[in-house]
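There are 2 protein chains.
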Amino acid sequence: MKDQITPIALVKAVLAGEIFAVARMMSYAESLNEGCQEALNEIYRHTGKAHIVGITGVPGSGKSTLVAQLCKTIRKTKRKVGVIAVDPSSPFSGGSILGDRIRMNDLVGDSGVFIRSMATRGTLGGLARTTLTGVDILDAAGYDVVLIETVGVGQDEIDIVQAVHTTVVVSAPGLGDDIQAIKAGVLEIADIHVVGKSDRSDANKTISELKSMLMLGAQSQQETEWQIPVLPTCSLNGQGIEELLSTIDNHLENLKSSGELSQRRLDIARTRLLKAAENILREKFEYHSEGKINDLTNQILSGDLHPNAAAKILLSQFLREME
Amino acid sequence: MKDQITPIALVKAVLAGEIFAVARMMSYAESLNEGCQEALNEIYRHTGKAHIVGITGVPGSGKSTLVAQLCKTIRKTKRKVGVIAVDPSSPFSGGSILGDRIRMNDLVGDSGVFIRSMATRGTLGGLARTTLTGVDILDAAGYDVVLIETVGVGQDEIDIVQAVHTTVVVSAPGLGDDIQAIKAGVLEIADIHVVGKSDRSDANKTISELKSMLMLGAQSQQETEWQIPVLPTCSLNGQGIEELLSTIDNHLENLKSSGELSQRRLDIARTRLLKAAENILREKFEYHSEGKINDLTNQILSGDLHPNAAAKILLSQFLREME
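Protein sequences appear in the order of chains L and S. The working numbering numbers the first residue of the first sequence as 1 and each following residue consecutively. The working numbering numbers the first residue of the second sequence as 1001 and each following residue consecutively.
Okay, chain L solo, but in the shape it has when bound (with noise of 0.2 Å):
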């Protein structure tokens, strides 16, 4: 481990792009590795430039071949692009499963294209943390467009999602009924709407849904000058993708007349900043409180301490101890 490159020596190659500098600073990110923080500090200076985007669906949505698509079509505009998947791992293996990667096979060897798996690994907020430190790190090493691919489900997708500038949320004909997808609750973050699998008959029926859902919210949505699009788009003859390149283009060129990406980015610095907060706050108390609760689980067992009222128990001495 003594010849590894540190940190902070791999700032200038990342920040001139080089595959191997971006790699490898996603790993020493990941690893929490101790001399990371100051690197990613420096690199944190270089960001801003690129174009934040959230692909979001429910899991058989087919957003893993769109992204693939979709990275395939902004090459073709010669801009580089980076992909990080997010895979909710489960907190039983530890392991995440990589098909993405398997269906982006097609893209390997392009040095235009960066893809990158994540995994949660049980920690609460640490996916969230790995992701956005990531994004930096394309951010600052060039790409121009960052694409984020998250299942859309559970808080820590919710935290990345609030980190994006444009959220487009893949829909798919027969996924169950109106009233799951909604409750999959992502329906209402979009941006952009996509319908995958427009080959398929019954796609039609969840556009028309999806567009009077839209229409149902449409006061809620007139303060700003966007309009949310529905479009279809069919991952085996790529049909509708360039559309959606194109749509995904101007709704940042919206952001930025309508001054609204301003806001976003300021929405963004916040919300980066309380959770990285609780995050290290958590931390510090998980470290103190080992020891000292096997004792309070056991009066909960027996049912003389509620479990908020242990835990008041366990806090007031937490805190008396960071004095």
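Certain hints may be false.
The list that follows gives simulated cross-link-like pairs (lysine-lysine, BS3-like), each with its CA atoms no further than 30 Å apart [claimed, not checked]: (1) S:K1080 / S:K1256; (2) S:K1072 / S:K1049; (3) L:K292 / S:K1049; (4) S:K1211 / L:K49; (5) S:K1211 / S:K1072; (6) S:K1012 / L:K312; (7) L:K49 / L:K72; (8) S:K1080 / L:K292; (9) S:K1049 / S:K1256; (10) S:K1312 / L:K12; (11) S:K1205 / L:K205; (12) L:K284 / L:K76; (13) S:K1072 / S:K1284; (14) S:K1284 / L:K284; (15) S:K1078 / S:K1256; (16) L:K312 / S:K1312; (17) S:K1256 / S:K1284; (18) L:K80 / L:K12; (19) L:K284 / S:K1312; (20) L:K211 / L:K256; (21) L:K256 / L:K72; (22) L:K284 / S:K1292; (23) S:K1284 / L:K312; (24) S:K1312 / S:K1292; (25) S:K1012 / S:K1080; (26) L:K49 / L:K76; (27) S:K1292 / L:K49; (28) L:K80 / L:K256; (29) S:K1049 / S:K1080; (30) S:K1072 / S:K1205; (31) L:K292 / S:K1256; (32) L:K256 / L:K49; (33) L:K256 / S:K1284; (34) S:K1049 / L:K312; (35) S:K1072 / L:K292; (36) L:K312 / S:K1292; (37) L:K49 / L:K80; (38) L:K12 / L:K78.
Hints are computed from structural coordinates only; laboratory data are not their basis.
Position chain S relative to chain L; hints supplied.
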């Protein structure tokens, strides 16, 4: 509001299993009513009798219908059943779609069934907290079986699943490809697998895929006696639901005879303690940080401070104040 019954005055009626009291107590708990904790402490003393069963599956798997049918089947055995349906509601609307209730109309009027939908309302950890409080209330009120229905993705939901005795994972044929299903991260936590919509022609494919997956994972299961079954069910005609119920009952017997139930109870108590403490800590932090974050946010936005560096400054201020 003056004439309303206070939480503590309701405890006796809750313990007697009166439905109005159970419903009211849940509303108090959800609204974080001030006087609630005393009542919840008392209620908590009377818990530990119910069999707590998590029913988990991705959107579109048909688990809501399955839960409704399972309720009917449980009622045939004269046991009382409570259901808490967890909707991962959007942080943007704050609302929840009560689809589950619509499907459960048949059960209305049966005082042996209690059904409640819960939503996150954007508070991290809030969903798990109100859900588990709801389980306590139902347990103390004499409901023999408590079903928790969740989408099964995300931290809040993992917290919930870690607090049940038996986890049923519902899959459905044709729900995207295998990789996507595994990505949902719920397959590995199952004590019992159910393949719904078994009338569909592709159901057998899903059943054999699940069985192969279980064979692959068999090494890690050898420590326990329980062989994870894969059960086909059909919500249209109710096929397989009685077998599912007897398998759920068998699983509890198995937990008891193997001694694993005590361990699960200990784990649940420990998890609840830590989560409760984390939630209180986060609330304190949010309260104290209000007003200090604007300046730090601007420094993040300008690139002068990395979010993590700013978070450390914010935190040291917080801990100084807590002294």
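Taking the hints in turn, this is what the structure says about them:
no., hint, verdict
1, S:K1080 / S:K1256, "holds, 21 Å"
2, S:K1072 / S:K1049, "holds, 21 Å"
3, L:K292 / S:K1049, "holds, 27 Å"
4, S:K1211 / L:K49, "violated, 48 Å"
5, S:K1211 / S:K1072, "holds, 28 Å"
6, S:K1012 / L:K312, "holds, 26 Å"
7, L:K49 / L:K72, "holds, 21 Å"
8, S:K1080 / L:K292, "violated, 38 Å"
9, S:K1049 / S:K1256, "holds, 13 Å"
10, S:K1312 / L:K12, "holds, 26 Å"
11, S:K1205 / L:K205, "holds, 27 Å"
12, L:K284 / L:K76, "violated, 47 Å"
13, S:K1072 / S:K1284, "violated, 44 Å"
14, S:K1284 / L:K284, "holds, 15 Å"
15, S:K1078 / S:K1256, "holds, 22 Å"
16, L:K312 / S:K1312, "holds, 24 Å"
17, S:K1256 / S:K1284, "violated, 40 Å"
18, L:K80 / L:K12, "holds, 18 Å"
19, L:K284 / S:K1312, "holds, 12 Å"
20, L:K211 / L:K256, "holds, 26 Å"
21, L:K256 / L:K72, "holds, 25 Å"
22, L:K284 / S:K1292, "holds, 21 Å"
23, S:K1284 / L:K312, "holds, 12 Å"
24, S:K1312 / S:K1292, "holds, 13 Å"
25, S:K1012 / S:K1080, "holds, 18 Å"
26, L:K49 / L:K76, "holds, 20 Å"
27, S:K1292 / L:K49, "holds, 27 Å"
28, L:K80 / L:K256, "holds, 21 Å"
29, S:K1049 / S:K1080, "holds, 12 Å"
30, S:K1072 / S:K1205, "holds, 29 Å"
31, L:K292 / S:K1256, "holds, 28 Å"
32, L:K256 / L:K49, "holds, 13 Å"
33, L:K256 / S:K1284, "violated, 37 Å"
34, S:K1049 / L:K312, "holds, 26 Å"
35, S:K1072 / L:K292, "violated, 44 Å"
36, L:K312 / S:K1292, "holds, 25 Å"
37, L:K49 / L:K80, "holds, 12 Å"
38, L:K12 / L:K78, "holds, 23 Å"
The structure fails hints 4, 8, 12, 13, 17, 33, 35 (numbered hints given earlier, in ascending order).
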